[in-house]
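Hey, can you work out the whole structure from these sequences and the hints?
In order, the protein sequences belong to chains A and B.
When we follow the UniProt record's numbering, the leftmost residue of the first sequence carries the number 1, and every step to the right adds one.
When we follow the UniProt record's numbering, the leftmost residue of the second sequence carries the number 1, and every step to the right adds one.
Hints were generated in silico from the structure; no laboratory data involved.
Here are the computed lysine to aspartate or glutamate pairs in the EDC-like style, where the Cα-Cα straight-line distance is at most 20 Å:
#1 Lys27(A) to Glu71(A)
#2 Lys268(B) to Glu12(A)
#3 Lys227(B) to Asp20(A)
#4 Lys372(B) to Glu65(A)
#5 Lys233(B) to Asp22(A)
#6 Lys233(B) to Asp20(A)
#7 Lys238(B) to Asp22(A)
#8 Lys10(A) to Glu486(B)
#9 Lys238(B) to Asp20(A)
#10 Lys233(B) to Asp18(A)
#11 Lys408(B) to Glu65(A)
#12 Lys233(B) to Glu69(A)
#13 Lys478(B) to Asp22(A)
#14 Lys238(B) to Glu71(A)
#15 Lys27(A) to Glu486(B)
#16 Lys376(B) to Glu65(A)
#17 Lys372(B) to Glu69(A)
#18 Lys233(B) to Glu71(A)
#19 Lys478(B) to Glu65(A)
#20 Lys491(B) to Asp54(A)
#21 Lys13(A) to Glu486(B)
#22 Lys242(B) to Asp20(A)
#23 Lys546(B) to Glu558(B)
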Amino acid sequence: MRTTINSLKKGEKAIIKDFDIDVIPLKLLEMGCLPGNMVQLLQIAPFGDPLYLDINGSHLAIRVETAAEIEVELVQVKL
Amino acid sequence: MINDNINVALIGNPNVGKTSVFNQLTGLNQQVGNYPGITVEKKIGFCKLPNNVKANILDLPGTYSLNASSIDENVVIELLLNKNDKLYPDVALVVTDVENLKRNLLLFTQIKDLEIPTILVINMADRMEQKGITLDLPYLEEQLKTKIALVSSRKGFGIDELKKLITTYKTISSEPCLNASVIDPEYFDSLRKAFPSQLLYKLWLVITQDVNFLNLERKEIQSSFTKSHTDLKRLQQKETIKRYQFINDVLKVALKVDISIAKDLRSKIDRVLTHKVWGYAIFFAILFIIFQSIFEWSKIPMDFIDSSFASLSSAAAKHLPEGVFTSLLSEGIIPGIGGILIFIPQIAFLFLFISILEESGYMSRVVFLMDKIMRKFGLSGKSVVPLISGTACAIPAIMASRNIENWKERLITILVTPFTTCSARLPVYAIIIALVIPDEYVFGFLNLQGLTLMLLYLLGFGMAIFSAYVLNKIMKIKGKTFFVVEMPNYKLPMFKNVAINVIEKTKAFVFGAGKIILAISIILWFLASYGPGKNFKNADSILRSKTENSTINEAELENKIASYKLENSYIGIMGKAIEPAISPLGYDWKIGIAIISSFAAREVFVGTLATIYSVGGSDNEDTIKNKMGAEINPITGQKVFNFASGISLLLFYAFAMQCASTLAVTRKETNSWKWPLGQLIFMSGFAYLVAFIAFQFLK
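Structure, rendered in structure tokens:
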């Protein structure tokens with residue numbers, strides 16, 4: 001099954017794998033949303049949208065519809 | 001501006017403290033370009049550097065990269081690519097935040113590709129120790145081919161060194177620090193061969209951007225070097241990856257962060273401020289304080305300004321020799337200036353709060369909290385700021401929509417913002433509510449007049465939201481819906497930044513919008529003081545002969561003459577002419593005059609009525625109010641300002657587009673006459689309809 005950013009739970013970290021370049025704004029790439037970089041879901045806004053992420057050290061909010069386009073691989077968090 | 005000053009451009013991501021650096025360099029020696037008028041907002045300041053060098057410091061809007069996605073970012077690129085611009089920088093300062101160095105350097109590497117001498121300013125250096133950050137500056141300088149200034153604009157250190165560094169700008173390298181053309185060597189080679197005299201990176205920007213370039217024949221480049229949108233974007237992605245690779249390699253050596261020292265206050269505060277209950281509770285509490293300040297706390301200085309200008313005007317009338325000039329001064333210019341200055345307290349309070357909220361980083365959290373709700377209406381979370389600002393004045397509010405990337409969301413925001421109740425409506429509401437709504441309490445504690453005022457505010461806001469909803473449904477604009485908001489770290493707002501912002505914004509209002517209000521007051525005075533034909537000229541003798549036998553005292557006679565003159569003045573004739581159109585709304589020709597004149601700016605309404613009811617010592621509100629209250633419609637025998645006509649007027653003013661400056665700003669921001677005309681026709685048409693229904697129903 002395809003894991004995307006919007007399916008992460010609060011606090012979970014993942015590695016960005018792939019996305020369709022046509023649907024992701026360039027600005028997001030420039031903020032560090034590139035394959036291989038780390039993303040962590042920090043907060044979810046009330047009503048479930050937008051999402052507050054730490055992408056490669058940048059603290060950003062993006063909408064669920066965008067997050068759903070970015071495929072990631074969950075990182076096992078050591079407890 | 002003196003031409004032999006060197007031009008220094010400040011460039012950087014939003015939230016890096018760029019404005020603080022600007023304020024440290026320039027203090028109050030700043031000019032905010034335009035309001036309304038010029039096409040972009042440019043902030044220029046002046047700075048004396050060591051060795052008698054003088055510099056123009058240009059503060060450009062915050063941008064994440066040279067790939068523009070908003071109007072603000074276009075401004076930056078257009079300037080940096082146009083060598084003929086008189087503000088084209090001799091040296092660029094790229095301001096970065098030490099905690100976000102990686103991302104901030106992306107923009108830096110792009111600026112370097114433009115081959116402008118560039119200094120890297122690393123700001124917030126005071127946090128390095130606390131965050132466990134160490135930097136290898138010599139290595140960074142060598143790799144990035146630049147000079148570095150480590151500053152803390154907050155603590156004020158490093159600024160003198162930065163100034164010294166700027167004076168050495170001629171020795172600073174203008175070489176690019178990486179070779180971006182490796183992303184597609186073949187393509188870039190052919191580009192280089194076709195335009196040997198142009199900068200390669202500049203050509204690349206022209207191909208990929210939708211910006212105006214003066215020196216380049218866009219068509220020529222595009223026809224021979226077209227690539228599909230997807231291909232271009234893929235190249236841009238490769239370019240971004242390439243830049244990050246370079247940056248990561250450099251920072252791997254130059255930047256050390258000891259994570260054990262770093263602690264995260266941000267997430268703790270975020271947990272409260274974006275909480276699904278507390279988040280909204282805090283936001284509404286803040287809104288309440290803002291409104292409280294705009295309406296309650298501003299009252300005292302506003303009343304003071306109001307009464308000062310009223311007495312100044314009557315003093316001028318009394319002490320200066322009688323004549324046209326005195327009359328222009330006391331009835332046109334002084335009340336006109338007063339009508340502008342009276343809004344200073346409200347505007348200042350509003351910008352005080354907004355700049356504190358922006359500076360502290362809280363505003364991004366509001367955007368985050370509200371986005372989902374606002375989106376239901378075709379707006380963006382970012383529309384919250386314009387809608388709040390609109391309660392002071394729609395002009396800066398509309399300009400605040402510039403950071404909304406999605407064109408449809410931005411356009412809807414611009415179109416509906418004038419519905420929010422701006423401070424110019426307040427004097428109109430105040431006087432009419434006082435006339436037609438009884439000063440009584442319901443349920444023992446709710447003041448009916450206060451309640452009415454609150455309802456009018458809610459009505460304005462509700463109408464903004466509702467029309468956004470409708471526009472969203474009917475407008476067929478397909479745009480990339482994207483929304484990327486940086487959530488900056490929390491900071492204590494700096495007093496200096498907040499103060500300068502409040503002063504600059506208020507100044508911009510007074511000198512920008514103020515000019516229009518003053519001009520209208522003068523035109524109005526002229527139209528009310530002169531008239532065609534004998535009736536106007538001979539008003540004095542006509543009325544004296546009419547009233548010869550009645551027992552009327554001199555003061556009353558004077559008033560009668562004044563109103564007779566008004567009836568036959570130019571503006572009186574205009575009022576009479578539109579009377580048939582407005583009598584179904586319950587208005588007479590005198591109100592008609594006030595409505596005509598207030599089409600350019602609402603606040604003129606009360607002043608016009610003051611002139612029309614020809615009360616000596618005009619601006620005493622109580623007297624105008626009494627006069628208005630006593631006015632009888634000769635045809636119906638009813639009071640002119642009764643409940644039905646009063647409500648009709650309130651509704652008319654709630655909806656009608658009566659602000660020339662707002663129309664001008666909409667024209668500027670949308671770059672078309674279509675939208676401001678649409679605003680004018682829709683809002684005023686709707687206002688007419690609602691006022692008509694209300695009056696016919698209530699009368």
